[in-house]
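Let the sequences and hints guide you as you build the complete structure.
2 protein chains.
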Amino acid sequence: MRKCKIGIIGFGTVGKGIYRILKSKYDVHPILKDIEIVGIAVKDINKKRDIDLDNNLLINDPYELIDDPTVDVIVEVMGGINIAKDIILKSLKARKSVVTANKAVIARYGREIYSVAAKYGVYVLTEAAVCGGIPIIEPLKRSLKSNQINKMVGIINGTTNFILTKMTNEKADYKETLKLAQELGFAEFDPTADVQGYDAADKISILTELAFGGKINRDAISTEGINKIDIKDIEYANKLGFEIKLLAFSERNKVNKEDSLSLNIWVAPSLIPKSHPLATVDGVNNAILIEAYPLGTIMLYGPGAGSGPTAASVVSDILNLKASSPENTSSIDPLLSFNFWRECHIINFDQISKKNYLRIICLDTPGVIGKIGDIFGKNDVSIESIVQLDVREEKAEIVVITHEVSNGKFEKSKDEINSLSEVELIASQLSCI
Amino acid sequence: MRKCKIGIIGFGTVGKGIYRILKSKYDVHPILKDIEIVGIAVKDINKKRDIDLDNNLLINDPYELIDDPTVDVIVEVMGGINIAKDIILKSLKARKSVVTANKAVIARYGREIYSVAAKYGVYVLTEAAVCGGIPIIEPLKRSLKSNQINKMVGIINGTTNFILTKMTNEKADYKETLKLAQELGFAEFDPTADVQGYDAADKISILTELAFGGKINRDAISTEGINKIDIKDIEYANKLGFEIKLLAFSERNKVNKEDSLSLNIWVAPSLIPKSHPLATVDGVNNAILIEAYPLGTIMLYGPGAGSGPTAASVVSDILNLKASSPENTSSIDPLLSFNFWRECHIINFDQISKKNYLRIICLDTPGVIGKIGDIFGKNDVSIESIVQLDVREEKAEIVVITHEVSNGKFEKSKDEINSLSEVELIASQLSCI
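Going down the list, the protein sequences come from chains B and F.
Its first residue numbered 1, the first sequence is counted upward by one per residue in our numbering.
Its first residue numbered 434, the second sequence is counted upward by one per residue in our numbering.
Calculated directly from the structure, the hints in this document are not laboratory data.
Remember, it's a predicted structure, so these values are computed and weren't measured experimentally.
Glycine is no exception: its CB is placed at the ideal position from the N, C-alpha and C atoms.
There's no promise every hint is true.
[Claimed, not checked] Just a sample of chain F residues kept apart from chain B, beta carbon distances all over 10 Å, derived:
| hint | residue |
| --- | --- |
| 1 | D519 |
| 2 | R541 |
| 3 | K811 |
| 4 | N812 |
[To be verified] Distance condition first, Cα-Cα at most 30 Å in a straight line; then the derived DSSO-like pairs of lysine-lysine:
| hint | chain 1 | residue 1 | chain 2 | residue 2 |
| --- | --- | --- | --- | --- |
| 5 | B | K33 | F | K690 |
| 6 | B | K254 | F | K466 |
| 7 | F | K845 | F | K665 |
| 8 | F | K811 | B | K257 |
| 9 | F | K449 | F | K672 |
| 10 | F | K690 | B | K119 |
| 11 | B | K215 | F | K608 |
| 12 | B | K171 | F | K707 |
| 13 | F | K466 | B | K119 |
| 14 | B | K254 | F | K449 |
| 15 | B | K23 | F | K436 |
| 16 | B | K254 | F | K458 |
| 17 | F | K648 | B | K25 |
| 18 | B | K16 | F | K584 |
| 19 | B | K274 | F | K604 |
| 20 | F | K552 | B | K33 |
| 21 | F | K438 | B | K119 |
| 22 | B | K215 | F | K436 |
| 23 | F | K648 | B | K3 |
| 24 | B | K215 | F | K845 |
| 25 | B | K151 | F | K707 |
| 26 | B | K16 | B | K43 |
| 27 | F | K458 | B | K257 |
| 28 | B | K239 | B | K355 |
| 29 | B | K23 | F | K648 |
| 30 | F | K466 | B | K3 |
[Stated by the list, open to error] Listing some non-contacts, in silico: residues in chain B with all C-beta distances to chain F over 10 Å:
| hint | residue |
| --- | --- |
| 31 | I45 |
| 32 | E112 |
| 33 | D190 |
Below you can see the structure in the form of structure tokens.
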């Protein structure tokens, strides 16, 4: 059988993981022997590397691999945005399929990338871009294809889940835990993309496109990070029977007259009942709950990042390419490839409907709970619970959990509560499921 | 695009589910419109059916569909063993791919069926045969293919999980709960295959073949059902921090000189620590935990049975067939098809190694715990805990949980304990993970 010849671009954690899988002698399906590395493009050939490597494979110029007629597949694991995007597009135009772990590029330029791949009759596979080693892209493309997907809720960022788990278990504050995560290698030196929720927004954008079939304007996703989470919120949530997790949420809203599907999408730190399957997903693990018809609810759980899991997803994608590309034919597998099949749009922030948690610091005077309750009632916001949890120095902390309500009504209530003379501060606001 | 024409054989719960998916107008990928039902073979055409059906599709003779040159794919959802096997083999020999939900046939005759499919250049797809709607066959064939699978542990029978969940939550006894399950349609009139563990053994046999690559002698799988579970065992397990679930277990043991892989496989009611991800899988849900290298541990969770989930898996398999069978080529996707790539064998019962739970009824005399402990010690069985839990009418109940030990050593200890004069009865024995 003809070998599948690959060029790897980038040789960081994931690149090395791929090399290790392909060179290792552990006990796997024989098809793995049919993959051959032609070259590995790196910035600095002479850099000392902690891996036993055939140095002849290293080259400087990634475009050499793209131009090499013996290369069948380009594996882009260099990261970054602009150069990676250029490499992906040039590879596709050279009629080479691409396997990439680059969620940032796919979330931003998926439309262009998918359509160039289709035009040139090749594939772009992205299993490693979302949730590391969990099979999620492939099931959305194939195993779940007979279903109408209705909702996806996931813990899809390992760094923030590690931080929130540590904060919960050790009652440690946010800054201290972030520092620990950085020391342990679970958070990057610049943690912005993770802790602000941008990485989760990239991923839910990619998953939404695959599940619902339309282009998503990634920049329109309402995104809150975990950087404002106070240890107090975690304590109160636990006391009330919830865990706090950074959730990515995407739900079918309705099909509009012009057949465009509107979607309810957000990323936010959220209270989850302790009995919910997502509540026990701890540390750097990820999990996605998918509600579909007629399937029902499934959950896919596993390691969300790391060299081994991510590299395993990349190599499985390469195997899929090899298996789905018979010789002597240029036909394309319509499930493995991906094209948008409808219009989708994200509903406005005001229309997004969810449950909310609000922590209010106010004067410890009688009647304040009543006033807060009145404001919510007047704005048609139904309340699940309202609890006074802490009184210190004549100040009280009140926690409100609402039933599902539109952001519009909720924000109006919040403004009115904020202007009550007894209210000192709305200390925090979280989502709930 | 050319339509994929299917013949459905059998029109029970799953068959009707398939029909509903293909005729419904809910919001799915447009590729679903490319599947056309040519005919449905049923025993009795005139039977009254609770479904809005084009009666012209019904025929009596399944072999007519197999002989029909316009049919591309045979969907076998009739159940049973001998006739179903004949239909599957004849379909393959007529160069029609087969989609089946029939775990009993695949577990028993997989080798013959896979090889006939390969010989005639067609596929046999089985996603619906294991764990209803959970994507597990497809991930084992594709998304996890870059890994060395090391272990699979699953709750893969919905009926027994429903019964055990009810027994646990409502402190109800086995017979009473089985009767309720039958009334609710969660257990069959003859529940033998489910409650004795045979159905779970069928499924773990199929999964093991796909994961480890060798033929399994299904009849050699050590299989215990839930029919001897006493409500007392559930109470004691709960008290000690465990849930009881019927587990199917399959683990890489070692590669032998002749390159044959030995496997540790069993089906048995088992104690699971409450913190274990499988412990919260309740009711008719199923879940499978897979440990693989370099991936790590993933879990796939969802509805293990039912018309909708099972039919969704069947239809996804049909879509996969359509997507992977380009016109003008007879090449076969080596991942979607399946062939054994190595020898596997199940280790002897005596060599199987696991943790055990033992409930012993004995006289309430001093020293009996010591004697039991001595016997285990002498036989090199390490004990995790030994607890006296109930004393009534001069009789005591002692529960022992061992560390991992070979069945050989454990059974020898058990025999010696049974012959102690103070021991009245070994009331029950369960596995632990």
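Checked hints:
With a least beta-carbon separation of about 27 Å from chain B, D519 (chain F) lies farther than 10 Å from that chain, consistent with its non-interface assignment. In this structure R541 (chain F) is separated from chain B by more than 10 Å, as the shortest Cβ-Cβ distance comes to about 24 Å. Every Cβ of chain B is farther than 10 Å from the Cβ of K811 (chain F); the closest lies at roughly 37 Å, confirming the non-interface assignment. Separation of N812 (chain F) from chain B is adequate, the least Cβ-Cβ distance of about 33 Å exceeding the 10 Å criterion.
Annotation: proposed proximity of K33 (chain B) to K690 (chain F) holds, straight-line Cα distance about 21 Å (limit 30 Å). Distance restraint check for K254 (chain B) and K466 (chain F): the Cα-Cα separation of roughly 21 Å lies within the 30 Å cut-off, and the hinted pair is therefore satisfied. A hinted pair counts as satisfied when its Cα atoms are at most 30 Å apart, and K845 (chain F) with K665 (chain F) qualifies at roughly 25 Å. At most 30 Å may separate the alpha-carbon atoms for a hinted pair to count; K811 (chain F) and K257 (chain B) exceed this at roughly 78 Å.
A hinted pair counts as satisfied when its Cα atoms are at most 30 Å apart, and K449 (chain F) with K672 (chain F) does not qualify at roughly 44 Å. Only pairs whose Cα atoms come within 30 Å are accepted, and K690 (chain F) paired with K119 (chain B) is rejected, the gap being roughly 51 Å. Taken as a hint, the K215 (chain B) and K608 (chain F) pair is broken in the structure, with Cα atoms around 54 Å apart against an allowance of 30 Å. With a C-alpha separation of about 23 Å, the suggested pairing of K171 (chain B) with K707 (chain F) holds against the 30 Å cut-off.
Note on K466 (chain F) and K119 (chain B): the hinted pairing holds, with a Cα-Cα distance of about 23 Å set against a maximum of 30 Å. Our distance criterion of 30 Å between C-alpha atoms is met by K254 (chain B) and K449 (chain F), whose separation comes to about 27 Å. Of the supplied pair hints, the one linking K23 (chain B) and K436 (chain F) is violated, its CA atoms being roughly 43 Å apart against a limit of 30 Å. A threshold of 30 Å between alpha carbons decides the hint, and for K254 (chain B) with K458 (chain F) the separation of about 15 Å falls inside it, so the pair holds.
Between K648 (chain F) and K25 (chain B), the direct Cα distance comes to roughly 22 Å. Compliance with the 30 Å bound is thereby established for this hinted pair. Between the alpha carbons of K16 (chain B) and K584 (chain F) the distance comes to roughly 25 Å, so the proposed pair stays at or under 30 Å and holds. Using a Cα cut-off of 30 Å, the hinted pair K274 (chain B) and K604 (chain F) holds, with the two alpha carbons roughly 23 Å apart. This hinted pair checks out: K552 (chain F) and K33 (chain B) have alpha carbons roughly 23 Å apart, not beyond 30 Å.
A C-alpha spacing of about 28 Å is found between K438 (chain F) and K119 (chain B), which places the hinted pair at or below 30 Å, so the restraint holds. A distance of roughly 27 Å separates the Cα atoms of K215 (chain B) and K436 (chain F); the hinted pair therefore holds under the 30 Å criterion. Under the criterion of a C-alpha separation no larger than 30 Å, the hint pairing K648 (chain F) with K3 (chain B) is consistent with the structure, at around 27 Å. The suggested pairing of K215 (chain B) with K845 (chain F) is violated, with an alpha-carbon distance near 65 Å, which exceeds 30 Å.
Simply put, K151 (chain B) and K707 (chain F) have alpha-carbon atoms about 28 Å apart, close enough for the 30 Å limit, and the pair holds. Straight-line distance between C-alpha atoms of K16 (chain B) and K43 (chain B) comes to about 14 Å, which keeps the hinted pair within the 30 Å bound. Pair hint K458 (chain F) plus K257 (chain B) holds up; C-alpha atoms about 16 Å apart against a cutoff of 30 Å. About 18 Å separates the Cα atoms of K239 (chain B) and K355 (chain B), which keeps this hinted pair within 30 Å; it holds.
At most 30 Å may separate the alpha-carbon atoms for a hinted pair to count; K23 (chain B) and K648 (chain F) meet this at roughly 27 Å. In summary, the hint linking K466 (chain F) to K3 (chain B) is not supported, as the alpha carbons are separated by about 36 Å, beyond the 30 Å threshold. Every beta carbon of chain F lies more than 10 Å from that of I45 (chain B), the smallest distance being close to 26 Å; the non-interface claim holds. Listed as a non-interface residue, E112 (chain B) keeps its Cβ farther than 10 Å from every Cβ of chain F; the least gap is roughly 21 Å.
No beta-carbon of chain F is positioned within 10 Å of the beta-carbon of D190 (chain B); the least distance is around 26 Å.
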